[in-house]
Each structure stands twice: as structure tokens, then as C-alpha cells.
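Using the sequences plus the hints, can you model the full thing?
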Amino acid sequence: MSVETIGLIWTIFCFFVAIALLVVFIYVTWLLIKALKKYLREPERQNTTN
Numbered sequence: 113m114s115v116e117t118i119g120l121i122w123t124i125f126c127f128f129v130a131i132a133l134l135v136v137f138i139y140v141t142w143l144l145i146k147a148l149k150k151y152l153r154e155p156e157r158q159n160t161t162n
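For the sequence shown, our numbering begins at 113 and goes up steadily by one.
Worth flagging that the hints you see were computed from the coordinates, not collected in a lab. Certain hints may be false.
Between beta-carbon pairs, the in silico distance windows are [said to hold, decoys possible]: (1) 129 - 154: 31 to 41 Å; (2) 148 - 121: 51 to 61 Å; (3) 141 - 116: 54 to 64 Å; (4) 119 - 150: 42 to 52 Å.
Even for Gly, the Cβ is constructed at its ideal location relative to N, Cα and C.
Rendered as C-alpha cells:
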């Protein structure tokens with residue numbers, strides 16, 4: 113394998129890893145926001161029942 117081929121494969125690999133990390137980061141952030149909204153909504157419900 114030539115140096116150019118290895119460089120190209122490495123660039124593509126890093127590119128896909130970066131995309132995967134970005135997707136995971138967005139997914140985790142979305143889950144945290146959902147959990148926070150649910151957590152913030154529940155005390156209001158308890159206050160209305162009391």
C-alpha cells in the first residue's frame with residue numbers, strides 16, 4: 113500500500129469516527145433534555161394534586 117492510500121483510508125476513518133461521535137453526542141443531549149423536561153414537569157403535577 114502506498115502512503116497516499118493509507119492517508120486516504122485514515123482520513124475517511126477519522127471522518128466517520130467524527131460523525132459517529134457527533135451523532136452520539138446529539139443523541140445523549142436529546143435524551144438529557146427529554147429527561148430534564150420530564151423531571152421539571154413532574155413537580156408541577158405534584159403541586160396541583162396537593
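* Can you give the numbers of the hints that this structure goes against, from lowest to highest? -> Hint check: 2 and 3 fail, others pass.
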